[in-house]
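In case you want the letters, here they are:
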Amino acid sequence: MRYVDEYRDAELGRALAAEILSTVEPGRHYKVMEVCGGHTHTIYKYGVDDLLPESVELVHGPGCPVCVIPMGRVDDAIAVAMQDGVIFTCFGDMMRVPGGEGTLLDAKASGADIRMVYSPLDALRIARENPEREVVFFAVGFETTAPSTALTLMRAKAEGMENFTVFCNHVTIVPPLKALLESPDLRLDGFVGPGHVATVVGARPFEFIPSQYGRPIVVSGFEPLDVLQGVHMILRQLAEGRCEVENQYKRVVPYDGNPQALRVLEEVFTLRPHFEWRGLGFIAHSGLALSEAYADFDTEVRFDVPGVRVADPKACQCGEVLKGVIKPWECKVFGTACTPERPIGTCMVSSEGACAAYYNFGRFAREKVAVS
Amino acid sequence: MSGDLATREQHALELIESVRAKPPRFRESQITMAHGAGGKASATLIEGLFVPAFGSVSLNQLGDAGTVTIDGLGLALTTDSFVVKPIRFPGGSIGELAVNGTVNDLAVSGARPVALTLALVLEEGLPADDLRAEVEAIARAAEAAGVEVVAGDTKVVERGHADAMYVCTTGIGVLDPRATLSTRSLRPGDKILVSGPIGEHGTAVMLARGEFELEAPVESDTRSLWPAVDALLDAAGPSLRCMRDATRGGVASALNELARASGVAMLVREAAVPVPPSVAGACEILGIDPMYVANEGKLVAFVAPEAADEAVAALRSVEGGEEAVEIGEVRAEPPGMVLVETAFGGRRVMDLLVGDPLPRIC
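Protein chains in written order, with my numbering: chain A, 1 to 372; chain B, 1001 to 1362.
By construction, these hints were calculated from the structure, which means they are not laboratory data. Ideal Cβ positions, reconstructed from N, Cα and C, are used throughout, including at glycine. What you were told as hints is all true, and nothing was included just to trick you.
Examples of chain B residues lying across from chain A (beta carbon under 7 Å, computed):
hint, residue
1, Glu1009
2, Ile1016
3, Gln1030
4, Thr1032
5, Lys1040
6, Ala1280
7, Arg1347
8, Arg1348
9, Asp1351
Using the sequences plus the hints, can you model the full thing?
In structure tokens:
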């Protein structure tokens, strides 16, 4: 496959791995956080870890859009989906996220009309085809997916749609990163920066990481070679005593982002004063709501949304996993009470969740395989 | 990672491995689409509800067909229902699929397909021409596969209570004396073969639904696998350990089921798995691994190492098997697990999926 295989070339991977090995300082342990769930997925899917020296530890970050949704928002979603006449649309991963009262998949089996879509535009099409029904789109994601929701809303407005609303759960990446960097229990040497978010916001918003917190960040792509190169660039900064924002993903990410997408976000969304994150609690100015001009398309305005707040289950340590404080397997319920079949925490649901990636793709018995 | 951490991780992993190895339990309060998807949720139904309830020796084997012996004659028996949506897709239709799917369950169980029965559930309002076309497709596929349709049944339900038409079949075949197959016979060192490129059927049906605004020249691979099995049995005979029809859940699910049944591990070399470029492209865009996408004319075969080359040659001699290839081997450790050596050079687990992103594919 052109434009894909080039970034998955095993020989180039081995060459990069050798360069990484020659860059690390003997005896030093490096902790590098990959911010995005997409990175986590790539690392496990391709076994990128296997190509890194043991002294380079990858820590999984908070950038998985499904993982950060608190249970209360899922219960709110189910409450809307169960209302008469509603067609509730969402991405596939969201269907299996447990709220306090089951999942959307359970609600579907109980009779709610819940449909999986691949794009908010699909939800809009369903609204067009079902003028007598109320169609709700469960919007989740960082700045990566927010523009597509925004464009869909602009189209809905232009068409004068009256039966389409968005249950907005979009979030922004900088506030949780700040919260993370303020957290005393975490020692990181650098960040593999969120490539997809940066296609929209650019690399500039991450300058605070080197300037205020003294950590290098390399905005990186999502193919295995991208991630390896991102790690290499971080290690090189450390070796050379540099500390800056670098852009590994230049083929897609302009340093100042995508001005058109940013304009669209500006028009359609407004920052919430605070938003709850799974396991991380409330973070100020971290969530997006629909702006005044789009209030007619806001599910939270049109419907009676209960606004449930549900405390995370006691045993669940998603917060610590999202912050990179513990590894997925260090969680008390990982792989025993909490599995992809019966997840307790969000990190075990999405394919981008650190726990699901670890469980499904595993570091299982690598040593055992090597000796067999 | 410090030594202590590594030990603790190993301990955590062993704990999980033991949880994974336990027979799945059916604990849900209601049926969801995941129960029909051929992944972990399906396994909870089969191994947690059906098998314990019926408890027959043959069912316990969890093969693609059951076996019965009548007056010394070994027979294979299978039953299947087809609910694919849409009923027609590039490369095939529900009728053709029903015949081939049934015949293939018999074939991979080492039985020459002989006859099948056919029950149709029709939705009120189904155009007669659609039904006629499917009946003709069934007749053609049955003739091609060398089986007779010997009994049938028809039910009609109110509009909205079925989706166009469902087809239910039962197939019977005669166990071939050359076959000594068992889902529990895999041994470390055995080679894993696939009979051709994977992922075509699932991708073709998915694209035919038109939900993704995606087009690709992919056709269903639906065909009878008996000629391939016949050739394999000739070439490998007793060295042929087991076969699986890699339908719903794809090659990955077939491998996982057998790794569990035989208590062995498997190592698959990703780079060796044949995936047509159009399938790879569609799956890449949709974020689906082709290893989990349904096939309707591809088998996975496990062969003793010394017979592997001849087995591949035999598969390649059959129409539709030209691209048959060895994709990996059976290992001892860790039992019940399928591992992949990625094309990039890393290693990971290839587990059963919980559900299926593509329901009603067959």
